[in-house]
Amino acid sequence: MGGYIFKRLSIGIPTLLIIITASFFLMRVAPGGPFDAEVDLDPLVRANLEASYGLDQPIGTQYLRFLDGLTRFDFGPSTTYPDRSVGELIADGLPVTLKLGLTAMLLATILGLLAGVIAARNRNGFLDGAIMMLASVGIAVPNFVVAPILTLLFGITLQLLPVAGWGDGSLRYWLLPVIALALPQIAAIARITRSSMLETLSADYVRTARAKGMPERRVLWRHVMRSAFLPVMSYLGPVAANVVTGSVIVEQIFSLPGIGRFFVQGAINRDYGLVMGIVILYATVLILLNLLVDIAYGWLDPRARVK
Amino acid sequence: MSTSHSARRQALARFAANRAAMVGLVLLAVIILLAVIVPMVWPYGLEDASLERALQPPSFADFHWFGTDANGRDLFVRVFYGARISLAIGLIATVIALCIGVAWGATAGWFGGTVDMLMMRFVDILYAVPLLFLIIVLVTVLGNNIFLIFAAIGAVEWLTMSRIVRGQTIAIRNLEFMDGARAIALPTPRILTRYVVPNIIGPVVVYSTLLIPVNIIVESSLSFLGLGVQEPLTSWGLLINQGATVLDSASWMLVFPAVLLAITMLSFNAVGDGLRDALDPRGR
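In order, the protein sequence lines correspond to chains A and B. The numbering used here numbers the first residue of the first sequence as 16 and each following residue consecutively. The numbering used here numbers the first residue of the second sequence as 349 and each following residue consecutively.
Certain hints may be false.
Stated by the list, open to error - Simulated restraints, written as ranges between beta carbons of each label pair:
1) A:236 with B:367: 36 to 44 Å
2) A:22 with B:524: 31 to 39 Å
3) A:103 with B:385: 52 to 60 Å
Unchecked claim - Facing chain B, from chain A, some residues (calculated, C-beta under 7 Å):
4) 157
5) 163
6) 171
7) 179
8) 182
These aren't lab readings, by the way, just hints derived from the structure by calculation. Just so you know, even glycine gets a beta-carbon here, dropped at the ideal spot from N, CA and C.
Please construct the entire structure, taking both the sequences and the accompanying hints into account.
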């Protein structure tokens, strides 16, 4: 197990370093600097501005200073929000985005598993058909369509929940965003759970367990669920990536003060520091999460350790 | 083609027997046809604005079947004009992804060893960043232009394709007829085009069909965020964005493009699933 964890780490850390390096150089060679605004700047003012952001240094020096800063959670300045640093903006937005993302993932996993198990247990029955049809729709309809429809229904027509904004961060403000974020993932997890349950249910060892007279409930919990859960767990990495992507859109729709909104603002304004900082942050989080999933997988399924 | 004539006919028959896939195919044909025809024949043009007709609900009387937007522009023509752009981006980005993915995956799988390792590590690294983020970074760097959006989506969405092709290539590389091809000293490019590509085409076609709706969603997401297609052009994502802002007073502006987008997604998915089941009957 120790060797297995080391092997996963030896893939994750270089990946992160390469992403940091690549995004740094990509942003630096990009055409259109942050000061290419509509107004032509006086060359002297421009030189001063660039000096104050360290853009006049050789690129190697800039890169080393950037790496050094990262170790202290210092992502450099933002040109969109001149009075704030990228680190401050991220620290501001992170709690909102984390709360949304983690709740959505938890909700998606629980409801997705539940729906998938129910569908598999009623194979080809009415419930199975209904759940799988909803799942197809859930996967096909993107969250920038789901979110406005939810707002229309619960915010405007029924007047139950606020249309947008974070308010005091209480449940009524983040309920709709979380649902909009979780729905496509619920659908995807339900599908995977169903097919892996069905596959396991027809496995030889399940037939053996039944043949020896084991009670059905025990067969399910002891033999079916454990291996049926594995594909779902390895899908948690992609779920996290989808939730991160989705939160960019959902935060925009509900005007929530999370990282995703800063990211979009940064992209529109060509604010390299901000965009780069957020990409690096998300890459780190996702690589860590995938590492955890891999470790948990190796723990649950000994076969994965030797591969 | 290694699949014999009758095998192909069987696959076709299986596809034709799949009701969901056939319905999807018909719906797609109708949407594509409307996307081509409507902007040519409709009494209103894309940019025909008229403030006294602003935000009219749908009506059959004056050909505003889908109502009008805040500038009094006819939504019916705009939705199908948007369909042209969204479908075109979905298709072209998929073709780009297809070319890169097949070339990358086939090369890695064919040569194996260090080449394979390095090429697939590159894919793994890109996988670590959510694809929409990579695309947004590319759009930020390259600037916002409709051709660059095609390219940016295609340049990112080939990763899964390359993995599929690589796996298939490795699987067939060691089969006997490949030894035969090597024994008569066929040059590598010819082996690749003559023997490898036809044998991996099935999964590639299936995945491509499923990649088109993904790319349409990506384009729509970008446009929705204001990072994709810009006025005066329009696309489904941009129309949905504009609809979402006037949701309480003019819900038709959201409903029509959203429903059309959803139907297109469901249809592509049904066709893709149908193709997969038809080409690989063991899957069911």
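Each hint tested on the structure:
no. : hint                         : in the structure
1   : A:236 with B:367: 36 to 44 Å : holds, 37 Å
2   : A:22 with B:524: 31 to 39 Å  : holds, 35 Å
3   : A:103 with B:385: 52 to 60 Å : holds, 54 Å
4   : 157                          : holds, 5 Å
5   : 163                          : holds, 4 Å
6   : 171                          : holds, 5 Å
7   : 179                          : violated, 11 Å
8   : 182                          : violated, 19 Å
Hint compliance for this structure: hints 7, 8 are broken, all remaining hints hold.
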